[in-house]
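J.: Heads up: the sequence lines are chains A and B, in that order. Residue 438 in the numbering used here is what sits at position 428 of the first sequence, and the numbering runs on without skipping anything. Residue 69 in the numbering used here is what sits at position 79 of the second sequence, and the numbering runs on without skipping anything.
Simulated from the structure, these hints should not be mistaken for lab results. Just so it is clear, CB atoms sit at the ideal spot from N, CA and C, and this is done for glycine as well. Incorrect hints may have been included.
Stated by the list, open to error - Calculated Cβ distances over 10 angstroms to all of chain A for the following chain B residues:
1. Gly14
2. Glu178
3. Pro180
4. Arg211
What the hints assert, rightly or not - Example chain B residues on the side facing chain A (calculated, C-beta under 8 angstroms, incomplete):
5. Gly5
6. Thr9
7. Val31
8. Lys36
9. Leu37
10. Gly42
11. Lys102
12. Glu119
13. Asp255
14. Asn257
15. Thr268
16. Gln275
17. Ile276
18. Asp278
19. Arg292
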Amino acid sequence: MKTITIQPVSRIEGHAKVTIQLDNAGNVADTHVNVIELRGFERFAIGRPVEELPRIMTRICGVCPWSHHLASSKAGDAVYGVEPPTAGVKLRRLCNSTAYCEEHILHFYFLSGPDFVMGPDADPAVRNIVGIVQKHSDIARQVVKARHTGAHMLEIIGAKSIHPDVSVPGGFQKPLTEAERNELKPMGRSLLDFAIFSMKFAKENVFPQYLDTVKSFANLSTGFLGTVTPEGAYDVYDGKFRLMQADGSFVDFPAEKYTDYISEHVEPWSYLKFPYIKSKPFSMDLDKPSGIYRTNTLARINVCDRMPAPLAQAELEEFRESFGRPAQLTLLYHWARLIELLYNAEHLNQLLDDPEICDGNTRVACTPRAARGVGSVEAPRGTLIHDYATNKDGLVTDCNLIVGTTHNNAAINMSVKRAAKDLIKAGKYDQGTLNRVEMAIRAYDPCLSCATHLLDGRIAVKLTILDADGRIRDVLSNG
Amino acid sequence: MAVKVAQEWLAICGGCEVTILDIGEPLLDLLPKLEFVHMPVLHDHKLLGQLGEKTKLEIPQADVGIISGSIHTKENEEVAKEMRAKVKILIAMGACACYGGVPALRNLFTVKDLFDKVYRGSMTTEKAEDPRAELPPLIDRVMAVTELVKVDVQLPGCPTPPEIMVDVLSSLLDGAPFKLSDRSVCDECPTKREKKAAAGIVLKRPLQMICTQGADLAQTRCFMEQGFLCQGPVTRSGCGGKTKTPRCIKAYMPCRGCFGPLRHDANPMVDMMGALSTIGIPPAQILDRAATFNRFVGGQNRLRPIPAKK
């Protein structure tokens, strides 16, 4: 018996390791994706005023803080029994779609991109954004610029791009002025142009090379969960939940009824729970899985009947023509991500052209009361549920969260096991093999990154630290 | 030769790492001068070796180390000590590394209490034992990195704004002085204070509009004087970057103290209660006082479990 530990799983957001157990013949006996942290937001939400939670829950994730911010605000709306004015809802939607663009760009190019652009078996020293910058420097520049445009737009609308506080129970705290709208419009157009470019680039340069891999890599057959409008169209801010079975049949239900359809299982080797379809027993057995469903990009593309934006709808039709509905191939998460990038870029431009978006009435006042409220959005990583209960003073008495990545926990574990069993035989493996195992995780989980590049030439590291009066306290150097 | 940088994240959200990316195009000018030798979010260097063959965590030698996040597991402690041993200059990035941050709100209760809630007190979860296999144990209380190892530079903020990151990276490269603001959020806040008229304020919760559309902040009365609790008086400024105006204030929202106190070892709760008393607000009126005033600074023993009521 031998154990291989991949630690940390890299180019994902957050902490995990993979434990692979080999049998005496050197074949894979079992694998675990161990999520090695637990911060306890569900516990420390208790006792806080519910209107403060949209400013606390953002800190669950610095990559998709807007998703937590909005789900938390919506749960606050429900607890206080208020409906935000139309302009407030539209501003929330505008921020949500802008944040989607930022995050999907980051994931496609910087995090998973190196596996496809540099190749899964490339030297780890270049299988990262350094390699991409060297190979495609103009694209890297455009990517950094597009992401920065998104961040700048969010700052104009809500003052902070990371960890915002502008959405509140009752609506949106800062109305948008006409001057701000005019400043945003060309930025919105440039994001749409970049989304169109990205889809074209991927269809010409990336997807064709990997079609065979897509068909054989880490595949599963599961159900899917996502959000659709009352008419069944794609939506990432609001709507009803749709739970689709592997055969394509589905059931729709309001978000607040999620406890009737979803349970969470606990395994002794991960702090992260394993949600599953409540009406079935839970099993991650690769040959006979039970109760497993997936969320995130591919799930949303599968559950919706159509996409309410013309370019994205055309892409959806082409995708369905090729891969059917529901599409099950794990690496198609990346393709679905680009269709969503296009939708969100189109949607944010629709909103910027909307006459109502500059209405000054963006928030209604709230009065504390004892109630329960469920708020949900589609986070880039999957369906996000915030469920709060309060006492008469509006202080939180209970909190239940099911976060996008959590829904995918079982599927991620199964994909990793599938990949490891297929790739590691008779004790033979190298760093490229182990990276392919990690790729099964990356398909599901957008994450963050920053870039680096190498250049010759000695640079001295020296830092002078001043105190409050400007006196030199310390000089630190590598000399 | 480029400056070697190692980066690790402990109890984090990833916002500080996104900040580095949000530097935008100036990042492309800085990058050629930096060589990341370890950075899990970007780079595939493994703590236990590329083939998972090692038994002890290992970070390569580097000129500069950057740690974000607070310390909440045994393994976080090991990583922080390993980083300290391998780098010449250690930077604590963000409120969590400097003061404990939001994850340190967990210091209001015990680890047992946390596990009871998550694995046995959740409406959707099958009741289960605490997961333990192959997992690093949680430590009793969440600590700032500064409590465990010597840190050379502290960069506050939740997250640290991109402008500060650019300044510190630039000064690392050319040796120019780096200095945090020594002014408070109030010192940089454009709203209008009428001090003398402040007496008799009734504290309000932020459950309604604070400003009207397009309101000029310079013509708007200080939020605290309007009765909305704002931690500007006891919080270091710098979140506004080049424009100076504090970011939350720009969103017409009061400050919650993410930049931490003006002096690293200050107690903002005590200072804030003093500030409130001077304008006639009895501290007893403040809802959820300890968790609100220590939202970003609950490490360093500022937050502790509340004894159960008898």
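J.: Is the interface hint satisfied for B/Thr9? The criterion is a beta-carbon contact with chain A at less than 8 angstroms.
T.: holds, 6 angstroms
J.: At 10 angstroms, judged by beta carbons, does B/Glu178 keep clear of chain A as stated?
T.: Its Cβ never comes within 10 angstroms of chain A, the nearest being 14 angstroms, so this holds.
J.: Does the nearest C-beta of chain A fall within a distance shorter than 8 angstroms of the C-beta of B/Val31?
T.: This interface hint holds because 6 angstroms falls under the 8 angstroms limit.
J.: Does the CB of B/Gly42 sit less than 8 angstroms away from some CB of chain A?
T.: holds, 4 angstroms
J.: Can you verify the interface hint for B/Glu119: is its Cβ closer than 8 angstroms to any Cβ in chain A?
T.: holds, 7 angstroms
J.: Does the interface hint hold: is B/Gln275 within less than 8 angstroms of chain A, judged Cβ to Cβ?
T.: violated, 13 angstroms
J.: Would B/Gly14 pass as off the interface with chain A, using Cβ distances and a cut of 10 angstroms?
T.: violated, 4 angstroms
J.: Against chain A, run the beta carbon of B/Thr268 and see if the smallest gap drops under 8 angstroms.
T.: violated, 23 angstroms
J.: Quick check for students: does the CB of B/Arg211 sit more than 10 angstroms from each CB in chain A?
T.: Given a closest Cβ separation of 16 angstroms, the condition holds.
J.: Does the CB of B/Asp255 sit less than 8 angstroms away from some CB of chain A?
T.: Interface hint status for B/Asp255: violated (13 angstroms vs cutoff 8 angstroms).
J.: Given B/Asn257 as an interface hint, is the shortest Cβ-Cβ distance to chain A below 8 angstroms?
T.: violated, 18 angstroms
J.: Since B/Pro180 was said not to touch the interface, does its Cβ keep a gap of more than 10 angstroms from each Cβ of chain A?
T.: Check passes; 13 angstroms lies beyond 10 angstroms.
When each numbered hint is compared with the structure, violations occur for hints 1, 11, 13, 14, 15, 16, 17, 19.
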